[in-house]
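Given the coordinates of chain A, work out where chain B should sit on it, guided by the hints.
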Amino acid sequence: MTAVEMTLAQAPSIDLPAQPRKRARHLRSLLLGLVLPVGLGAAWELAVHLGWSDGRLVPPPSVIFATLWELARTGELWTHTQATVLRVAAGFAVGVVSGTLVGAIAGYSSLSRRVLDPTLQALRAIPSIAWVPLFILWFGIFEASKVALIAVGVFFPVYLGVMGAILSVDRKIVEVGRAFRLSGPALVRRILLPAVLPSYIVSLRSGLGLGWMFVVAAELLGASEGLGYLLMDGQQLGKPAQIVAAIVAFAVIGKTTDWLIEIAAAPLLRWQDAYGQQAGEA
Amino acid sequence: MLRLDQVGKTYPNGVNALERFSASIKPGEIVAVIGGSGCGKSTLLRAIAGLDRASRGTITLDGDVITAPHPKIGIIFQEPRLLPWLSVADNVAFGLDGLSKQERTARVTQALSRVGLADKAGVWPRELSGGQAQRVAIARALVPRPEVLLLDEPFSALDAFTRRDLQDHLLDLWADSRPTLILVTHDVDEAVVLADRIVVMRPRPGRLFEEIPVFLSRPRDRASALFEDLKRRVLTSLDQSLDRAVPDRQDQALTGEAMWW
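Protein chains in written order, with numbering that gives the first Met the number 0: chain A, 0 to 281; chain B, 0 to 260.
Please note that a few of the clues may not be correct.
Stated by the list, open to error - Straight-line Cα separation of at most 20 Å, EDC-like style, residue types lysine to aspartate or glutamate; simulated pairs:
| id | chain 1 | residue 1 | chain 2 | residue 2 |
| --- | --- | --- | --- | --- |
| 1 | A | K238 | A | E224 |
| 2 | B | K71 | A | E174 |
| 3 | A | K171 | B | E152 |
| 4 | A | K171 | B | D89 |
| 5 | A | K238 | A | E44 |
| 6 | A | K171 | B | D151 |
| 7 | A | K171 | B | E78 |
| 8 | B | K71 | B | E102 |
| 9 | B | K25 | B | D63 |
| 10 | A | K171 | B | D51 |
| 11 | B | K71 | B | E146 |
These are calculated hints, taken from the structure and not from any lab test.
So here's chain A without its partners, still in its complex pose (with noise of 0.2 Å):
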């Protein structure tokens, strides 16, 4: 049997050139994806070239550049962006820390599982939306209210989460930490936070996601700056462009932090058994 296992342990370095071959083929998926989006653009593009449509309502890809980069040039695009961005990132903490901190009492403890969750679910129901009037009577029209509006949306799934996590975790793992007579922040540092951490990372992903939805929504509401605001103005002056730009900057700006996330967790989670990265290893 060793025999057999030696050659297997062996056979991967046998192909080596594995690495660059990985990445052309990384390359034509990303090309394949493009196809689509690229090529609606440029059919569009030719559409209101022709005249086939003057391409108010729906503008081109050349006009939502140029409308983004006249934005980025007088400056409007980070002063919106940098508001933007510092809601969500104040509400993001305020939310990922609150819910942490809950979601761990009440995966750590049954009896305060017990006291806090049938609550904490009932409040979960409620539509973030509808705090809005509340948050605006409590903490006024300017930022506080906004960064409630996100902790809140922010919140529920990281809770959820990870008393999820916690209640998930092998009991047979973490009776060998007893076995080997961890105390209990040892057993908590070296078993119970390695284990959650995989599914703390896609709470914290979900919760960063609907981070950005509850700043649109907070922004539109009423701000006199933020990309929610660039969005309410492209309406209220007939400006579908700016409205499209401010889409574009969201969805730039949310898939960067989103693999900020990701790209800072990666060397935490190398030793999944996730199907996605058996591909790519050994």
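Leaving out everything else, chain B in the frame of chain A:
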């Protein structure tokens, strides 16, 4: 010396899993505990490991009363239970605290090469086969140099070839420092190959039924007549422990390498 004195366990749901179990186990002795399901063999092992507390009686190791996991007692479970986020080497080092880094690395390297997996130190547990993973678990349990090593059906999830391989390997490792081994199993072959003494238990409530000493010299030939005789004796005892009719010798000979559940 590990002493069990009138050890009993009743679970909170009222199940009386173990009743008045007493035994003395000498250092370096290999004891196999075998019995039908519900005979309390796993309960017994978990009580010695300090993972569950006995409801009655006392367990002492060299005078220390066992109520919680003890530094001189190690355990190997049915599944490898490696921590998937640690490399193989870090898994082996998991139970090594309070040692210098060099000492720790040296011990881990030595333990891994002892189980034939020196080349796997850097890989993740998921890249191991079932047999390799269980060998890492054995290395992890042995590296703190326990005086007593408990094994809870350690090879039952493996295929027959790997199981044999690891049984022989375990004896080989045992010869290094000769810890006390207490092995819970439902595999009669395994009990006869490994043990100096086979403890047969009977269920509901779990209690000692018979102790069968094994006087075969090592290494034991699984095909020898003496081995077969002893196996038959254990099987007969198991059947009696369940008040089953004892099949005649002819039938039992046909069962060959029987697994006894």
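Practice problem: Quick one: which hint numbers does this structure break? Sort them smallest to largest. | Solution: Per hint list: zero violations.
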